[in-house]
Amino acid sequence: MTADLNRGKEPMTAGFRGKAPTPVDVTREVPTPTRELPVTGLPSGRVLPPPIGSAVERIDAAEKVSGEAVYAGDVRLPRMLHGAVLRSPHASARVVRIDTSRAERLPGVHAVITGADTARIRWGAFRPDLYPLAIGRVRYVGDEVAAVAATDAETARRAAELISVEYEVLPAVLGLDEALAEGAPLVHDDAPGNVAHEFAFDRGGADEWFARSDVIVEGVWQSARQWHGSIETIGCTAEWSRDRVTLWVNTQTPFLARQRYATALGLPTRSVRVIQTEVGGGFGGKSGDDNTSVICAILARRAGRPVQLLNTREEEFLASRPRTPMRCRVRLGFTSDGLVTAKDLDLIADNGAYTGKSQAVLGAATVRHDALFAYRAVRARSRLVYTNLVPTGAFRGFGNPSADWAVGQAWDLAAARLGIEMPDLLLLNAVEEGGVSLHNHRIGSCELKQCIRKAATAIGWYEKRSNPTPHRGFAMGVSVHVSGRRSFGDYDGSSAIVRLTEDGRAVVITGEGEIGTGARTTLAQIAAAELGLAVADVTVTRPDTDLTTHALGALASRVTYVAGNAVKRAAAQACERLLAAASRQLGRPASELRVEDGLVHAPPALGEDVPVRLPVGVVVRAELYRPNGEPVVGLGSFDNPSEFPDGVRYGNESGAYNFAAEAAEVEVDPATGAVTVLELAAVVDCGTVLNPPLAEGQVEGAIAQGIGMALTERFDWAGGAPTRPNFVDYKLPTSQIMPRLHVEFADSYEPTGPFGAKGVGEIALDPVASIVASAVADAVGVRVHELPITAEKIFWGIRSATDRRDGDRR
Amino acid sequence: MTILDRGLPSPGVSPDPMVLLTPRSLDEALHLLTAEGAAVLGGGVGHTLRRHDRHRRDPTSSGSSPERDAISQTSSDPPHKRDATSLVSVGSLPELRTILWSGEHVTIGAGVRLGEIEADERLVRTWPIVTEAAGSVATGRIRRLVTLGGNVAAGDDSHDLPVALAAAGAVLTVRSVSSTRTLRIGEVNDLGGDELIQDVRLPIPSGRAGSAYEKFLSRGVWEYACVNVGAVVRLDDAGAARRLSLAVGSVTGGPVVIDLADLRGSVAGGVLIDEVARRAAASTRPYGDVKGSAEYKTRMIAEFSRRAMTGAVRRAEETPRSGGEST
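Sequence lines, in order, name chains E and C.
Numbering of the first sequence is given in the UniProt record's numbering, commencing with residue 1 and proceeding in unit increments.
Numbering of the second sequence is given in the UniProt record's numbering, commencing with residue 1 and proceeding in unit increments.
If you're looking for bench data, these hints aren't it; they were derived computationally from the structure.
On a predicted model such as this, the values are computed, not experimentally measured, just so you know.
All C-beta atoms in this analysis are idealised placements derived from N, C-alpha and C, irrespective of residue type, glycine included.
Please note that a few of the clues may not be correct.
[Said to hold, decoys possible] Pair ranges (Cβ atoms, derived):
no.: 1; chain 1: C; residue 1: E187; chain 2: E; residue 2: A801; range: 43 to 51 Å
no.: 2; chain 1: C; residue 1: S206; chain 2: E; residue 2: G67; range: 50 to 58 Å
no.: 3; chain 1: C; residue 1: V271; chain 2: E; residue 2: Q736; range: 32 to 40 Å
no.: 4; chain 1: C; residue 1: S283; chain 2: E; residue 2: I231; range: 52 to 60 Å
Whenever a hint applies, use it, and build me the whole structure from the sequences.
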């Protein structure tokens with residue numbers, strides 16, 4: 001069968017329609033010397049305005065470092081009470097009886113609520129299955145049962161402890177195998193077999209392509225829950241005014257959250273207003289899929305006073321929405337010279353007790369990475385499975401890191417089997433601009449091959465691989481991410497209003513918000529560049545569902561690309577109107593005018609020799625202060641040029657894809673199994689780098705979270721919950737273990753992006769765990785298949801390998 | 001604090017507001033400690049953690065495991081720490097804040113901070129095991145708070161200082177209004193509610209002595225040890241071990257001092273060190289937790305005992321021969 005492939009004669013084009021990857025002669029592949037480019041990496045001839053590509057200081061830097069910034073827990077309203085939640089200690093139980101009388105009698109208590117005080121409506125982003133407070137059943141340790149509002153937090157907690165709940169403990173399913181077992185107890189009665197969601201497809205005929213493959217690799221890999229570990233926990237302050245509630249929330253997605261909160265409260269959307277506070281880290285964990293804000297609103301209504309409810313650190317671990325663990329069986333086929341043929345994926349994801357975003361996470365995990373390579377056929381079966389464990393959901397990478405953990409290692413196995421160095425194998429198969437994946441991902445700008453070459457050079461791949469050091473190993477991985485994704489209906493757009501003020505500034509009104517990434521700063525840069533103003537003269541609002549434009553918020557690495565385009569268009573329109581006004585005021589055609597450094601410039605008038613310079617504020621004021629005067633305002637909107645994927649995940653989910661190649665060198669202490677990541681090179685194609693320090697920060701932070709996912713972040717579990725749900729057991733990586741980093745950006749420009757930019761917030765996390773595992777395998781011959789990679793697993797792996805060798809000798 | 005329903009809670013399970021007392025002298029502190037419900041407050045770190053740590057579920061409610069029971073036991077408070085209603089702050093008492101050197105002993109006040117111990121140059125030279133253990137605790141900010149006495153009195157088997165001190169043969173001076181007595185590190189759970197550790201006394205090593213502390217962080221980031229081991233050795237001029245001591249922490253009943261008496265007189269080389277490592281692993285009972293299984297920790301106890309003893313011997317060998325030094 002393999003004879004049909006015409007290997008080496010012409011490229012196979014079945015997988016990627018459009019431009020096919022060109023096979024390269026791996027024997028001639030030599031490291032390409034790096035051409036040193038500035039981080040803005042502009043293709044030759046492209047000139048961008050000054051604020052773009054500059055290390056502009058964050059517009060919120062001073063207020064954050066001085067402690068002035070108002071986070072969720074800093075909100076203070078007159079007569080405000082504090083809330084506390086009583087949670088289930090059981091993974092699965094029937095709530096027989098709740099006695100709140102003792103809590104109600106405690107002085108200082110103003111409201112005690114249970115499921116009976118709620119609208120008894122199930123809510124959720126995709127599959128409504130979550131009550132605000134338990135109705136009859138609890139489904140995980142941490143499930144919300146009752147809540148209290150009192151004059152201070154300590155009193156509220158004491159009162160919550162005085163609530164007496166009688167449970168009938170039910171059998172629980174505490175893992176994927178238990179959940180899928182024949183006759184397993186059901187987490188939800190309406191989900192037979194505990195399957196919350198499933199889909200399958202075969203695109204291109206996988207069996208046929210496997211039959212034509214020379215090399216097939218296969219393996220099963222399991223990922224684990226990872227928590228966001230934001231420095232600020234989830235929190236909300238609620239205040240009612242007649243039948244309308246205002247919620248000050250540290251959410252990443254105020255408008256989407258408002259919709260869901262309204263549903264959960266049994267209210268029309270118009271009855272809920274959400275205002276974003278400062279957000280002390282989001283990473284997907286503040287996407288509004290948990291009950292904290294809903295309970296806060298119910299408490300405030302019952303108490304008749306504002307209420308603040310903040311997650312404790314333990315609550316954040318027990319009841320937020322950590323990364324969705326997945327068990328992936330991967331099978332890859334290759335021709336003997338290294339062209340990939342087919343991929344088969346059987347994916348089971350641990351939903352936990354309620355659905356949240358995991359349904360979409362599963363979709364991304366199933367198809368996203370197929371945009372990387374010219375697969376001829378891809379088959380997948382994906383299932384989302386309920387368990388009686390903490391519900392899972394959105395986390396930076398959104399399915400990609402879990403899938404990459406498996407698929408990336410399968411590619412590493414293939415490189416070893418094929419005898420091809422990983423960078424060469426990746427170059428041989430990597431997607432290029434114009435490629436179209438089997439799921440109709442239509443690839444625009446793509447510098448994946450450049451990323452691979454630069455990462456190999458930065459880590460010294462070829463030199464070090466030819467001079468191996470004992471107990472040290474190398475690995476490389478690649479990833480692709482979206483810049484916004486159509487997920488919530490057939491719209492992934494953004495709109496913005498730019499108002500030029502009579503004092504010469506610009507106010508960008510947008511509902512997208514800021515979760516700590518510096519998004520408001522880059523949006524200010526885009527507006528400033530378009531307007532000819534200084535960044536310091538641009539203000540960007542925080543989201544308020546009453547006052548700002550509608551926005552989907554910080555998810556799917558979308559704000560720079562989608563909101564950036566909307567802001568750019570709004571600024572362009574404002575600038576156009578400013579110049580029209582100046583044209584009228586000066587009696588000069590608008591085509592002669594331009595704005596720079598806050599001034600409207602015109603060449604000298606006829607017969608004059610001094611050029612005209614008019615401050616922007618003067619023009620705006622003159623446009624206003626006249627009969628029937630008008631403000632100078634621009635409106636811009638942009639919808640991601642993408643398709644709403646269908647039920648089997650077919651559709652071009654984003655208008656722009658960002659790419660990364662990363663390589664790591666690790667060292668393993670064979671006496672303990674302990675891993676040290678010595679160096680890590682990350683080269684990212686995010687189009688134009690709008691603000692180098694902010695982009696570098698995103699890459700560095702993502703690598704740190706990837707290292708946490710790989711090596712340090714885990715709990716000791718018992719009875720369906722972590723035994724110590726706090727940072728005593730759960731260790732984020734610190735500077736102690738961060739490797740020497742080489743962060744670079746590809747020379748790239750995305751034609752549909754604002755000034756050529758694409759998303760950068762998530763991509764660098766995706767391949768880290770996979771390459772750490774593969775590098776460990778390269779170092780000591782032990783491949784870990786279940787996250788996290790612990791010293792102990794490696795130690796026993798080395799021991800069993802030694803025992804096997806000893807056995808052979810005997 | 002997260003409130004998991006405890007089944008049938010009784011009023012008053014929450015920590016009550018406490019009274020903080022700040023005596024100006026040791027005698028006044030001892031007097032205050034005679035009151036019902038009075039407890040010692042050192043640097044305040046352990047106290048803060050105890051107040052915060054209300055999340056632990058009742059082991060009978062669900063999912064009790066031997067591992068968790070082990071954790072609960074090892075990190076639970078000594079009886080006199082429970083139900084404290086007043087805290088007697090002793091961390092700033094001048095009597096407790098000195099490091100005194102006499103001919104034969106160094107006496108470290110119980111109020112001395114771990115950060116001060118870590119930085120004391122004379123201690124670094126004489127008892128590196130102690131300064132290394134002090135310096136391995138958490139972060140600099142925490143080491144500036146934690147007192148020696150508080151760290152020892154906590155009776156926590158995973159703490160670093162007690163392991164080093166046990167290996168070094170430290171003696172605690174314990175005071176109450178009516179008595180002064182001495183305790184070994186392993187006897188710290190005998191502390192009475194009205195008693196206070198005044199100081200920790202160590203012999204000043206003579207001759208070709210060496211000590212070393214090894215703390216294994218299985219994840220590379222600072223946390224309580226996976227295993228922690230302290231080793232002390234003194235060699236005669238022929239290279240035989242005249243004094244030999246090893247203590248292991250993060251094990252049930254730890255720190256455990258390993259019995260090595262019969263190995264005295266052996267040449268301090270690979271064979272001896274392997275035997276020490278073997279005994280350390282064989283005579284300790286580690287418990288599984290997030291840092292590793294009991295089985296893995298047993299292997300690591302052997303490995304880090306080997307490393308600690310190797311380090312101690314190397315240091316002893318670097319000490320010039322005194323000529324005629326013996327036990």
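Evaluated hints:
Distance hint check for C/E187 and E/A801: the Cβ-Cβ separation is about 45 Å, which falls inside the suggested range of 43 to 51 Å. At roughly 54 Å, the beta-carbon separation of C/S206 and E/G67 lies within the given 50 to 58 Å, and the hint holds. A hinted range of 32 to 40 Å holds for the C-beta pair C/V271 and E/Q736, which are about 35 Å apart. Range check, C/S283 to E/I231: about 43 Å between beta-carbon atoms, so the 52 to 60 Å window is missed.
Checked against the numbered hints above, the structure breaks only hint 4 and satisfies the rest.
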